[in-house]
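Could you slot chain B onto chain A? The hints should help.
Chain by chain, the residues:
Number of protein chains: 2
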Amino acid sequence: MAVKFSIEGVEGLPEISRGDDLAALVAGAVDLADGDILVVTSKVVSKSEGRVVQADDREAAIAAETVRVVATREHEGGVTRIVENRQGIIGAAAGVDASNAPHGTVLLLPIDPDASARALATGIRALTGATVGVILSDTLGRPWREGQTDIAIGAAGVHVFDDLRGQADASGKPLVVTMPCVADEVAGAAELVKGKASRIPVAVVRGLGRFVGDLDLPGARSIQRPAERDLFRIGADEAYNEGYRDGFDEAQAEGPLNPAG
Amino acid sequence: MAVKFSIEGVEGLPEISRGDDLAALVAGAVDLADGDILVVTSKVVSKSEGRVVQADDREAAIAAETVRVVATREHEGGVTRIVENRQGIIGAAAGVDASNAPHGTVLLLPIDPDASARALATGIRALTGATVGVILSDTLGRPWREGQTDIAIGAAGVHVFDDLRGQADASGKPLVVTMPCVADEVAGAAELVKGKASRIPVAVVRGLGRFVGDLDLPGARSIQRPAERDLFRIGADEAYNEGYRDGFDEAQAEGPLNPAG
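Chains A and B, in that order, give the protein sequences.
Using numbering that gives the first Met the number 0, the letters of the first sequence map in sequence onto residues 0 to 260.
Using numbering that gives the first Met the number 0, the letters of the second sequence map in sequence onto residues 0 to 260.
Chain A on its own, in the form it takes in the complex (with noise of 0.2 Å):
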């Protein structure tokens, strides 16, 4: 077990643009070795792939984003909409979002992350000879606690979840349930070199190289937690007002005279 990794911000990337070969100008901007792990926002593989909209068509692009909305709530600046996304993801307003992006215009997140960190892993391979890992991060809120963190939306040729079960912890005990999202605490630490206010969108992660794999791993959809298995799949006040229409037309099926249904 490795005791000791970096991560380095790549330095000197230009502005992404539509059609960018994103994997050249990585592969040109920084030394890869085996074992090294990319970190790279999912902002500039939106650029390359020219995943952008007029920012007047935000609403209709979040619409057309959106699977299932889990959860809403109004104040002050407007409405806080949680959605479930396209690409599975849950978070606010699909991932469609206008910081960093051109002005007048909204990123939308790329159409399949997986399948476009899969492209990335796959060309950076090929021009280095290194067999590197590729995660694509997106800044998202979560439920209980306040901020945002960076987490995996697209994984290639890493291992998501270093899987512990089975094991035994230091004292002997099998670990039993114990499954640690590698890509969410990597793509975590990576925002903690590129910020949002910098022009860093690339980071690189040396020394983790246990975690480097084939190109045909299980990618970062495999986290997402399928809904009818999570007990949080909607919001606390949209399932309340569900339950309240469903007691509210129960009772008055059965009608006063036959309480006991």
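Heads up, a few of these hints could be off.
For identical chains, the list gives no copy identity; a pair is met inside one copy or between any two copies.
What the hints assert, rightly or not - Below are the SDA-like pairs computed for lysine to any residue, each with C-alpha atoms no more than 25 Å apart in a straight line:
(1) Lys3 to Asp213
(2) Lys3 to Val66
(3) Lys3 to Val29
(4) Lys3 to Asp162
(5) Lys3 to Ala23
(6) Lys3 to Thr104
(7) Lys3 to Arg205
(8) Lys3 to Gln223
I should point out that these hints are in silico values taken from the structure, not numbers from a laboratory.
For chain B alone, kept in the frame of chain A given last:
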């Protein structure tokens, strides 16, 4: 802005027991400099504080630690019970855990993790002369995503958020709501060198000194979102059932001849 940092597991620490001077042990095990951040697995703090109970008392300990039941689900292996504990942390079994605990025992979380972090930071700063930050970490599951990540349950001498609100992105647009949770990202990164199956309960982060500050900065408790502002404050099934009962009762109170209420 630093563009590189490293994380290293601190090797050579002994098994920790009640009453051990953790600050002295850590200060003696690793060279520290201004701006270093120590990420300490909360379990070793629990051990040094004697937060250990017999395994037979596990259920009683969970009940005593629980402030509020957030969600429960029965499954083959028993019941998953997600609760808010006395520390305000939402997780399974109120943080009461048998892994890496002495045989026949379970560990409780420190009573006040921010206070424990502050005592550690104060002690280590005094012993070494280095202005370090301290984060206490624990391993928790989360909604929507499989696996666990390490997050910050205690903090002292570090900015737990990188508060960018009001700053501009690289293209000059304001970052209205962006507030990365540095403490959680650092805790997760440290998990990658500490691991669950090894005896490395402490990691040192070098290169993120811009986040190190006064000992009276807000602790990890400030990361916890108050339930009344949380869209996912209780599980979907629990909220549905509560709504169902209320709707049913309301319809019965109104009666069939007065459906408009």
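| query | How would you classify Lys3 and Val66 at a CA-CA limit of 25 Å: within, between, both, or neither? | reply | neither (41 Å within a copy, 38 Å between copies)
| Alpha-carbon proximity context of Lys3 and Asp213, limit 25 Å | within (23 Å within a copy, 27 Å between copies)
| task | Tell me, please, which holds for Lys3 and Asp162 at an alpha-carbon limit of 25 Å: within, between, both or neither? | result | This pair counts as within: shortest intra-copy Cα distance 20 Å, inter-copy 28 Å.
| For Lys3 vs Gln223, is the C-alpha pair at or below 25 Å within one copy, between two copies, both, or neither? | Result: close neither inside a copy nor across copies, 29 Å intra and 30 Å inter.
| query | Within a copy, between copies, both or neither: where do Lys3 and Thr104 come within 25 Å Cα-Cα? | reply | The answer is neither: 41 Å in one copy and 31 Å across copies each exceed 25 Å.
| task | Using 25 Å as the alpha carbon limit, work out where Lys3 and Val29 are close: within a copy, between copies, both or neither. | result | both (20 Å within a copy, 13 Å between copies)
| query | When no copy is specified for Lys3 and Arg205, does a C-alpha distance of 25 Å or less occur within a copy, between copies, both, or neither? | reply | both (9 Å within a copy, 11 Å between copies)
| Within, between, both or neither: Lys3, Ala23 at alpha-carbon 25 Å | between (29 Å within a copy, 22 Å between copies)
Hints 2, 6 and 8 from the earlier list are contradicted by this structure; the remaining hints agree with it.
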